[in-house]
Each structure stands twice: as structure tokens, then as C-alpha cells.
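Participant: Residues per chain, in single letters:
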Amino acid sequence: MSKFLVRRLLITIPILIGVSIILFFLMNIAPGGPEAVLMGDDISPEAAIRIRTNLGLDQPLPIRYWRWLTSLLQGDLGNSFRSGEPVISMLRTRLPNTIILTFSAFMISLIVAIPIGVLSAVKQYSLTDKITTVISFLGISFPSFWLGIVLILIFAFQLRLFPASGMATYGREGDILNRLHHLVLPSITLGAIRMATFMRFTRSGMLEVLNLDYIRTARAKGLNERSVVFKHAFRNALISITTVVGLTLPALIGGAVLTETIFAWPGLGRMAVNAVFQRDYPVIMGVNMVVAVVTVMANLGVDVIYTFIDPQITYN
Amino acid sequence: MSVSKNSSQLLNTWKRFKKNTMAVAGGVVVIAVIVVAIFAPYIATHPYSSQNLTNRLAPPSSQHYFGTDGYGRDVFSRVVWGSRVSLQIGFGAAGMALVIGIILGSIAGFYGGWVDNLIMRFTDVIMSIPALFLALTIISLFGASLVNTMIVIGIIYWTRTCRIVRGEFLSLRNQEFAEAARTIGAGDFRIILRHLMPNAMAPIIVQGTLFMAQVILIESGLSFLGLGAQPPIPSWGNMLTEGYKFLAVAWWIATFPGLAIFVMVLFFNLLGDGLRDALDPKQKLA
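Chains as they are written, first to last, in the numbering used here: chain A, 1 to 316; chain B, 317 to 602.
Looking at chain A on its own, in the form it has when it is part of the complex:
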């Protein structure tokens, strides 16, 4: 088990190095280069040379990459072109906000989707099953940011039940209830499409398992239905559910870009969008790097969870 963990951890290293090479390469094929961004288009040639030397841009590409990578490993992601603030400290304040949002969206989608998916598989072809199938199909086609807009329209503007933007009311940041109140609409918006996906997969995963021989055996032995469904079927269906959850994690994190923009949520997504408009390359690179690390780690987590839920998988 611990051997597997170490090996699995080691695989993530080349992937992250690959990510850093791609990002670095992208930033260096930017038309005009950083000096054009820093000084505007009508920069004098002398000033351009001075900036290039200051930023170390006169060095060959591999040397610049190596420098960038080593300082990255020491936690130095450079400074924002616009505010001069270290990128790492900008990330440190924004990352927890994005994690709060994506994690609660994730939990909401699982808590709603799994019981409904199981129920609709157990009662296949019932009215409940048909309604669930239709709703989950509509759900995967619903643009999440439009859902956010519709929710704001109904619950913030018409019914005035929830706030339309921000993480907390100004001056009441310490109030946990106030924060939860602000979290409701954004996390539903971000979680809804996953909810639909998870529902579909829970249902199909359960159906597949429920038709297997060992379930018939369990029933024939006279086990009650509850223990057949939950102890025998669900544990095995969990494996395929976990796979889907792992596959959709990057999309969940990516979805934060739109949700944060709609709800003025001060997270990484909104920071990235602002940086794109300002062509603030160090910030964009920093956000991408952090998001990639989070994604790779989350996938690692899913792989570890596999070993707990699937008695058949042992890693040697």
C-alpha cells in the first residue's frame, strides 16, 4: 500500500514538469513579449533592451526555464506585472476561496446525486426513475453560468432569499452563517452539472451490478433487500462512480472560472480572468501551475480512495 502510494506520487512529478514546460513555452511565444506588456507598444528600443536584461530575457530559453523552475520550487512565482505583488502571496489568499467553493459544490452534487441515482436504479422504469433520467439529461445540457444567472434572477432579485455576489457581507466576514449564506447559490451553480453527471453514472453503475449473478445469489440466500442493495451492490457500483468523479475533477475546477465571475467570488478563476485582460503573464502562469497541482493531487486522492473501496485492487 505505502509502496503503491510512493510510486503513484512519483508518477505525478513528470506530469507536473510537463505542465510547467508547456506553460513556459506558451508564455514565451507570446507576440511582443513581456516588455511590450510592461511598457506599451511605443517602447523605445533602448528601454526594451534594458527591461529584457532586467528580466533575464536575454538568456537562452533553456536557461530561463531552469531559472524559472528552480525559483518555482522555492515558492517564488515572480511578481505581478501590474501590481508588483508577489504572485505566490496573491495565490495564497485566493486559493482557499476556490477550494471552499469547489469542495462544497462537489459535496452537494455527491450528496444529492448518489441516493437519487441508487433509488432510480433500484426502481428501474418506475416514475421516479423516468423523472430522474429526464432531469439528469436536462442537467448535463444546462450551461452552468446561465443557471447561475437564472438563480440570481429568481433567488436574489425576485425572492431576496440569498445574496447575489461576494463571499460575505462587508464587516461581517467572521460570521460563519453569513458566509454559508453567500455560499449557497455559487456552490449550487457549480455543482449542478456534476450532480446530473454523477446521477447518470450512479444509476448505470448500479444497474450493471444489480444484474450480476452474485446479487441473485445474495437474494436467493434470503438476505433482505436493504443489505443486498447497500452492502453488496452499492460497494461495487462505487468503483465506477469513483472513476467518473476522478475524470470530472478538472472540469469542476475549471468551472470555477465562470461561477466566480458571475458571483464576484474572490477566487483563482476570477483572478485568472482579470489577469488575462491585463496580460499579466506571471499571474496567469502561477494560477495555471497551482490549478494543475491541485488537479493532479485530487486525481491522486481518487486513486488512493480506490484502494479503500475496492477489495479486488491491491497494488504491489
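Honestly, the hints are just simulated from the structure, not real lab data.
Quick caveat, the model's predicted, so the values are computed rather than measured.
A few of these clues could be false.
Below, a list of computed lysine-lysine pairs in the DSBU-like style, where the Cα atoms sit at most 30 angstroms apart [said to hold, decoys possible]:
(1) B:561 with A:130
(2) B:334 with A:123
(3) A:130 with B:331
Use these hints to put chain B onto chain A, whose structure you have.
Facilitator: Positioned in the frame of chain A, the structure of chain B alone reads:
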């Protein structure tokens, strides 16, 4: 003889497809939207960028079916014209992603070994940067425009196709008919194109259709952020940005383009699901 066998296979597929009412509905709606996009100038009741500042934010009426926006532009006409952007980017980006994915996937699956390893690890790397963040990055470098959005989506989203095609090729390349072709001296290129590809077509077609739905969602998201088609070109995404600004006073500006995206994505999904059931009955819900 091979022709008659092929046509009977097609006929069977068509029969299976026809039985699926929702899939047929998907096909009909998709064709209808394509027709709307082609005849947009005749269907739109107003020019898409003609402003009328004395008639701003007018609610839906017989004059303006979907009301007017913040510049007094007719929302209905803009939704109609917006279908062009969605379909252009949809077909363009999906086509590009499919071509890249098919080329890389077939090479990886056919040759195996270190080539396969290299390509698949590259795929892993691309997949570990959440796509929307990567799209933002590339757009920040080259600027936002309709064509750039198409290219960006194409060069980010080929990974799934690549994996699917690779999987198909891995299982196909050692089957007897491929061996036979190799024995009579067919080159790699010929085997890939003439012998393996036709057998991998079903999942590719299904993937392409479902991918159209994805692309329309992604494009509208990017346009909503201001990183897709640029105003005054109307796209459903940038109309939503406009609607978002006036959400508190004019619900119709955001509602109708959003509905258009939803309907379009829904019916592409239905069509894709139906095609999967018809073309590839062994494949389960994925």
C-alpha cells in the same frame, strides 16, 4: 458484394436510429438550427447591430419578440444571428479536435511502444490543466476573436478523442484482417487509413456529435467572459454578458440566448446518444 453488405449495415443502423424518437427529435432540431443559421438574414426581423436608443430595454412585444437590449437592439434577431457563431465555432473546433485526436490516437494505438507512451503522457499533461484555465491562457497570448476561440478549443479538447481512437486501434491492430493486410504487403499508412479507421468510425462519429454540444457550451462560456466572438458580432455567450449587466431590470436579455444555448446543447446530446445506440450497440452509457 461488399457494397450490398455495407448498405444493409447502414440500413440496420438507420432502422435502429429511427426507433429512437428522442434521437430523431435531436436530429430534426439540429437541422432546423442549421437552416436558421443559413437563412439568418431572412429570419431576423431587424439588423443585428442596429441600435435604437429611444427604445432601450423594451420587454418582449409583437414588434420585438424577445424584447430589446441596453442599446435598443432586437434580441430575437441577435439570437437568430448568434446561431451562426455557435455553429461555426462548433463545427470548426470540433472538427479540429477530432482531426488532431484521430491522428495522434491512431499513431499511438497503431505503433504502441515508446511512441504510444510519449503521446499518451503528453495527453495526460494536457488533461491535468483544467481546460478552461488553459483556454484563458492561450487566449491571453493571442487575443480574443472568433477564429482564435475556434483554434483554442480545437487544440485543447482533442485529448478524449485521442484516448478513444487509441483504445480502438490497440484492439484492432492485432486482429486477423489487419494481419492479413500486412501479410499481402500493405504499408502502415494504408492499413491505418483503409483497414483500421473504418472500423473505428462509429465511436468517432458519436464522440464528434457529443463534442459539438460540449463546444457550444465552452464557446458560450468564453464569450460570456469576453474572450470569444467580439461585439458587435452577436454570439449567445456575449449576449448573456449584456443580459447579466441588466439582470435586475430586464430579464429577457439573458433569458433567451441562455435558452438557445440550452436547447442547442440538449438536442446535440440527444442526437449523439441516439447515434451511439444505433451505431455502436455494444457501447454503454458513458
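Participant: Tell me, in ascending order, the numbers of any earlier hints that this structure violates.
Facilitator: 1
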